[in-house]
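Here are the chains, one letter per residue:
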Amino acid sequence: MNKNFGILLSNLEIVPGRKINKHLGLVQGSTVRAKHIGRDFMAGLKNVVGGELKGYTELLQESREEAVERMVQQAKAIGANAVLNVRFSTSSITQGAAELFAYGTAVVLE
Amino acid sequence: MNDLKLNLVIFGTLLLIGFVFGQLAERRHYRAIREREAKLRSLLLVQTRFPPMFTNPPRTQLVTGNVVISVDYFKVVVAGLKSLVGGRMTPYESLVDRARREAILRMKEQARRLGATMIFNSKFELVSLYKGAQNTVQSVEGLAYGTALIPARQPGS
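Residue numbers (numbering that gives the first Met the number 0), protein chains in the order written: chain A, 0 to 109; chain B, 0 to 156.
Just so you know, these hints were derived from the structure itself, not from any lab. Glycine is no exception: its CB is placed at the ideal position from the N, C-alpha and C atoms. Misleading hints may appear alongside valid ones.
Claimed, not checked - For lysine to aspartate or glutamate, the following EDC-like pairs were computed, each having C-alpha atoms within a straight-line distance of at most 20 Å: (1) A:K53 / B:E108; (2) B:K122 / A:E98; (3) A:K34 / A:E65.
Unchecked claim - Residues from chain B that face chain A, not an exhaustive set, calculated with beta carbons under 10 Å: (4) E34; (5) E140; (6) G145.
This is chain A alone, in the form it adopts within the complex (with noise of 0.2 Å):
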C-alpha cells in the first residue's frame, strides 16, 4: 500500500502526538475482482491436494490495495491529509467474483 499520495492510514481513531483539526467523514472505495481462468484452472488443481492458493492470494492482496486506493483518492479530493478508523470488507458476489471494499473517516490533522 505505497499509493497513498502522503495520507496517512490509520485503523486506530486517534493519532499519537497529533491533533485532530476537522472531520469530514466518510470514505470509502471499492473494486469487484474476478478470477482468472488460468489462475482458476490452477486452483481447481490445488483443491485436490490442498494449501495456499498464491494466485487468489495476490489478486485478492492487489485488489484490495486498489480498493485503499480509490478511497485514498475521495480522502484526497475532499482536503484529508489522513483516514482513521480504516475497514476493510469482503464479500463473495457471484461465483468467480468477490468485492473488496474499505472505508474509514478521513480527517485534517494539524
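Given the coordinates of chain A, assemble chain B onto it according to the supplied hints.
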C-alpha cells in the same frame, strides 16, 4: 458397469492423493506457523483502540496480511459425510485456523519490516471465497489488519 468402475477408481485416487498430500502440506504448514510465531512473539498485538500517551510519539501505519487456503479433496469428502451427522467439522477447523494464523503472521512480518514494536486494534476477517459442487466450501481467505506503531528515533541518536 465399466463406467462405474472407472469413476470409483478416479474417486479413490483423488481421495488418496488428497489425503497424503493434504496431510503433508498441513503438517509442514503448521511447523512453519509455529516457528514464525515463536520468532514474532516479541511483536505485541494489542487489542485496544487507544494507544497510551507517549512523550515521544511513534509513527503509525496500517499493516495487513492475507492468505487464501484451499481444502484438499479428502477433507471435502469427510466434511460432506460429517454434515450428515452434524457435530464438529474437524476438517474445516484446521483450515480456518491455518488461514487466520498465517494472515496474522504476514501482518506481523510486514510490521517487523517497518520496524514496529506493537500492533494496535487488529481485526480479523475470514471469508469463504469459492463454492464448489453442492455449495461445499473450497477455499477461505484469512485477513488480518491493524495499526503498527513504529517508535520514533530517540533525539540525539
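Evaluated hints:
Using a Cα cut-off of 20 Å, the hinted pair A:K53 and B:E108 holds, with the two alpha carbons roughly 17 Å apart. Among the hinted pairs, B:K122 with A:E98 is consistent with the structure: their alpha-carbon atoms are about 18 Å apart, no more than 20 Å. Among the hinted pairs, A:K34 with A:E65 is consistent with the structure: their alpha-carbon atoms are about 15 Å apart, no more than 20 Å. Given the 10 Å rule on beta carbons, the hint for B:E34 is violated: about 16 Å separates it from the nearest Cβ of chain A.
Given hint, B:E140 at the interface with chain A, holds; its Cβ is 6 Å from that chain's nearest Cβ, closer than 10 Å. The beta carbon of B:G145 comes within 6 Å of a beta carbon in chain A, closer than 10 Å, and the hint placing it at the interface holds.
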